[in-house]
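Residue numbers (our numbering), protein chains in the order written: chain A, 1 to 109; chain B, 110 to 227.
If you're looking for bench data, these hints aren't it; they were derived computationally from the structure. Among the hints, a few may not be true.
20 angstroms max Cα-Cα, derived DMTMM-like pairs, lysine to aspartate or glutamate [what the hints assert, rightly or not]:
1) K96(A) - E139(B)
2) K96(A) - D147(B)
3) K112(B) - D160(B)
Predicted model only: the values in this text are computed from it and were never measured.
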Amino acid sequence: SQQGEEDPQALSIQEGENATMNCSYKTSINNLQWYRQNSGRGLVHLILIRSNEREKHSGRLRVTLDTSKKSSSLLITASRAADTASYFCALRITGKLIFGQGTTLQVKP
Amino acid sequence: DVKVTQSSRYLVKRTGEKVFLECVQDMDHENMFWYRQDPGLGLRLIYFSYDVKMKEKGDIPEGYSVSREKKERFSLILESASTNQTSMYLCASSLVDFGRSLFNSPLHFGNGTRLTVT
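Here chain A stands alone, though its shape is the one from the complex (with noise of 0.2 angstroms):
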């Protein structure tokens, strides 16, 4: 399969902790996207990590790429309740963009 694995497939926190997402895959890519889904709503675009840089940082996200490993993580700093949701990794293989099953992030206030 041509699918991003992520790991855990669910996750639950205190408010104040740090959550950290993976996402595994075995072909290669172009880039690699994360995605946030509040219940009920669309894919909200956090970081996009292109095949040839290492990490990236918007706000509390830091995203990393190991094309070694071809495995990427998403770490979510001082987590917040608003944060609970479900964060999709998708890979940029050519010519397609193929979506994860999801973690599922709770975080108890």
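On the provided structure of chain A, position chain B as indicated by the hints.
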């Protein structure tokens, strides 16, 4: 901020009906997409368009058609709705990429239309 607006949040239709799902974006994006999202199957691309009157099949186009008469509007049409088309439908748009390659720019999604076909 890019705004992608889907005309209905919830829709209930009968088997055999012709269904129109409308999507409008306000940022002059060239690319527009229709996905469906189902538990256990993730997001699957139905159709996309990279220009007015242009359309390309995605991974699961069967039973669907699309229309793009204006740059800002992309419509998904279910010619004869069936129960297996019950799903969450998501519209998205993006800027054209260098060389017209897709998916090098982020997708901007609407809030989705949850369609139930009975």
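To see whether the hints hold, each was checked on the structure:
no.: 1; hint: K96(A) - E139(B); result: holds, 17 angstroms
no.: 2; hint: K96(A) - D147(B); result: holds, 19 angstroms
no.: 3; hint: K112(B) - D160(B); result: holds, 18 angstroms
Going down the numbered hints, you'll see the structure goes against none, and every one checks out.
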